[in-house]
Each structure stands twice: as C-alpha cells, then as structure tokens.
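Under my numbering, think of the first position of the sequence shown as 109, with each following residue one higher.
Rather than coming from a laboratory, the hints here were simulated on the basis of the structure.
Don't be surprised by glycine CBs; every beta carbon is placed ideally from N, CA and C.
Everything hinted at is true.
For each label pair, taking beta carbons as the anchor points, the in silico distance ranges come out as:
id : residue 1 : residue 2 : range
1  : Ala173    : Ala252    : 24 to 34 Å
2  : Ala146    : Thr253    : 21 to 31 Å
3  : Lys143    : Ala172    : 27 to 37 Å
4  : Ala172    : Ala266    : 17 to 27 Å
Calculated lysine-lysine pairs in the BS3-like style (CA-CA distance at most 25 Å, straight line):
id : residue 1 : residue 2
5  : Lys168    : Lys242
6  : Lys168    : Lys143
7  : Lys143    : Lys242
8  : Lys279    : Lys168
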Amino acid sequence: MTAPALAILAACSDVGPTAPASAPTGAALLSKGSKATAAQVDTIVYDGRARTLPFGDGHKVEFAANAVCDPATSGYGIGLWDTPCAPATAPIRFIVTSWRDASGRVQVDFSPDVRFVPGTVETLYLNDNPGKAKRATIQWCASATLCVDESLTDPTLATRISAGRVERRIKHFSGYNVVFGFGDSEGGL
109 MTAPALAILA ACSDVGPTAP ASAPTGAALL SKGSKATAAQ VDTIVYDGRA
159 RTLPFGDGHK VEFAANAVCD PATSGYGIGL WDTPCAPATA PIRFIVTSWR
209 DASGRVQVDF SPDVRFVPGT VETLYLNDNP GKAKRATIQW CASATLCVDE
259 SLTDPTLATR ISAGRVERRI KHFSGYNVVF GFGDSEGGL
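All chains should be built: construct the whole structure from the sequences, respecting the hints.
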C-alpha cells in the first residue's frame, strides 16, 4: 500500500489506523493481567469448492466455489481488490497464524497473500465477543505497522456481531485484527 493511499484511508477513519500487535512470546504471555495467548499455526487448504474451513481458537473462513484468484496471474494490492481475475485451478495451502494480544483481542495472519474473485463472497469469522454496548471492527493490516478499517471506503466490508463472533466479508487474505469500542450511545467510538 502506498503512503498516500494509507493516509487517505486513515483520514477517513473515526478511530485512525492502528498497529497490529505481534504474536506474544515469553514474558508477554506471563505478565500479570495479560490476556495474550501464544500464536497458533494452522494449515488450511482451499481446493476450489464452496466450504467453511476452521482454524485457531474457534475461528473460521467461509469460501464460495472458485473464489481464490490465481496468485500467479492476478496481482495483489490496493486498487486490485475488484479487478477481474482467473480463479486458481489447483489447491492452495494457507498458513494461518492466530493469537490474542495482551488485551485479549484476536489477531490473525494468512500466508500467502491472495485476493478473491470479484463477485464471490468470502467471510471471516473470529471468535471474539465484544459484549454489550460495544461495537467491533475487523481491520485489515496492510503491513506490520498499520491496520485500517476497509469498510470506510467499502460498506460491504462492515463488521457484524453474531452469536459471540465478529464477522465480515473479505476481498483478500493477509493480516486482520479486531478492535473494540463502545457503542455510539455510550459516547465512545
């Protein structure tokens, strides 16, 4: 993501961009009051069929059929999310690393970075309940130092809360994290 594009996205946010937490290790896991968890690494394989694949601590991703763009020909990055692409013709193995930061918020990283065929709907479900009077945002982490709320420029990517999970449509795989705030009626975010 270019610096000007990040600046535009950040300027549109009522919260502003945030930095993703890195997976906790050693003392961070043992510090008093920390809700951090060790990173869990899973492998999921998408083979072109419509399916839901679980990972981590009760998380899952739901794929439509023929949903992943062929990474060899499609490109990846801002400005490409809605560009037509050919679907992958072979299974793709993803390494998914998930953890909770010191505040107990879910962090997840997918590798390799891929985007999804425009017109398909893929949904990321994260096992992270905001509780009453709070709202949640699943942010895309463009790099190791910056996360943004993509729904500010694309309302189809808005986060929803359902049955103790936060969920949202995603147009690509890379890193995501959950940010909570108080509901509008509480004077928070």
